[in-house]
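**Q** One-letter residues, chain by chain:
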Amino acid sequence: MPNNERTFQPSSPEEAAELFEKAVRQHSRRLHTIARAIVGHRASPEDVVQQAVLNLFQHRHRYDWREPGGLLKRAVVNEALRLLRPPKMAMVSDEQPDQSSTPVEGMIENETTRHVRDAIAKLPDHFRAALVLCEYENLSYVEIAEALNASVPQVKTWLHRARRQLARMLEPYVAPKDVQRAEQDSSS
Amino acid sequence: MSVSETDLELLETYLDDQLSAEEGDALRRRFASEPALVGAMDQLRQERELRRGVFASMEIDGGTDQVVRAVRAAATKEIVRGTRMRIWRQVSAAAACLLVGTFAGWLARGPASAPTGPSDTRVVANDPHASPNPNISLIDDEPNERRSARGGYNVSITDDFGRVLAVQHFDTLNEARQFSNDLGQWQNKQRQLRNSNIKLIGDEF
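Chains as they are written, first to last, in my numbering: chain A, 146 to 333; chain B, 1276 to 1480.
Calculated directly from the structure, the hints in this document are not laboratory data.
Glycine included, C-beta positions come from ideal geometry on N, C-alpha and C.
Keep in mind that the hints are not guaranteed to be accurate.
Cβ-Cβ distance ranges computed for the label pairs, FRET-style [stated by the list, open to error]:
{"hint": "1", "chain 1": "B", "residue 1": "Met1360", "chain 2": "A", "residue 2": "Arg259", "range": "47 to 57 angstroms"}
{"hint": "2", "chain 1": "A", "residue 1": "Glu160", "chain 2": "B", "residue 2": "Met1360", "range": "12 to 22 angstroms"}
{"hint": "3", "chain 1": "B", "residue 1": "Thr1281", "chain 2": "A", "residue 2": "Arg170", "range": "42 to 52 angstroms"}
{"hint": "4", "chain 1": "B", "residue 1": "Ser1295", "chain 2": "A", "residue 2": "Ser157", "range": "36 to 46 angstroms"}
Calculated from the model, a selection of chain B residues having no Cβ within reach of chain A, i.e. all distances over 12 angstroms [unchecked claim]:
{"hint": "5", "residue": "Arg1356"}
{"hint": "6", "residue": "Trp1381"}
{"hint": "7", "residue": "Gln1443"}
Model the full assembly from the supplied sequences, consistent with the hints where possible.
**A** This is how it looks when you write it as structure tokens:
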């Protein structure tokens, strides 16, 4: 992809390494959080991010590097979802502690947060990925659709179903507001 | 008033800030007359904040240096590979030029596929009366009846593979020998000229 007014390409491996290093340092925290939110306990978020960045580095000629942050995030999402695809990965037992948790995190995490985190981990992979990109990254439906290689209606469906599933799973733990659903009215 | 799934989805899209301006205005007008809708939105906001807190708790600062090191190593590997390929291409090009030049020189100096003249021939049959040049010989193994039928003598010129290139007939032995000697002298002179790399301005032949 040649350099012109509409695209940008690093011209040498050295320039590419500088560009990547700057982008990784700028977005590292969010990249690792996205990875962690999607893969949960099933993989190391550091490994996910590293592999995603390396894949992107090797195929950097295919992309426009005017917005490296967006490319990195999409790469991390794709890599995380790829890792979760069958064949099954080595599952880490729920009994084992979070691989990336620190003692301080463990102390301040309350029970509700733990329940919410566990519930999020139980969502289907694409539901979870869509939720992370929407509520943590604040991406638009169009951007989420591009990142997940899906359509906008599909993304809306995933988000809605993810939130409904979480609401049902967390009902015992989260005090509900006075919300009446159509199905409750019909059953009474 | 109940909140339908459709309204719940609408509220979620509103909280995602993905409604158009008109859709947002229409929804906000409904808030004034539908308190259940307001209650549902508060509930959705609460659930949303809970999830945001969980995502924030997942933030980790580590791993940056690891990724940066990996990228630098990949870049270094690429630079080294590029340099090696460049050197290999240069060496290959030089070797190819050498090979082509050697082959061209061999073609220019080596034995031709077609005979270029008497200097490229070999003797088929030796004749003590023939010129000392091995490329030219009197055919003396011709059956007598053929010689007696035609009369005279034949001088043959052959190539390296023994193939007869030309045969010249003479009525007398002296004429055949003279021809053979003249041809042999010419051939020797050609060979000398080639070996000594001297060019003739004039040629007595």
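**Q** Each hint should be assessed against the structure and marked as holding or not.
**A** Hint check:
1. In this structure, Met1360 (chain B) and Arg259 (chain A) meet the distance hint of 47 to 57 angstroms, their C-beta atoms being roughly 54 angstroms apart.
2. A beta carbon spacing of about 19 angstroms between Glu160 (chain A) and Met1360 (chain B) agrees with the range 12 to 22 angstroms that was offered as a hint.
3. Separation of Thr1281 (chain B) from Arg170 (chain A) is about 44 angstroms and conforms to the stated range, judged on CB atoms against 42 to 52 angstroms.
4. Here the CB-CB span from Ser1295 (chain B) to Ser157 (chain A) is close to 45 angstroms, well matched to the stated 36 to 46 angstroms.
5. For Arg1356 (chain B), the requirement that its beta carbon stay farther than 12 angstroms from each beta carbon of chain A is not met, with the minimum near 9 angstroms.
6. No beta-carbon of chain A is positioned within 12 angstroms of the beta-carbon of Trp1381 (chain B); the least distance is around 44 angstroms.
7. Consistency note on Gln1443 (chain B): stated as away from chain A, and its beta-carbon is indeed over 12 angstroms from all of that chain's, at 73 angstroms minimum.
Taken one by one, the earlier hints fail for this structure only at number 5.
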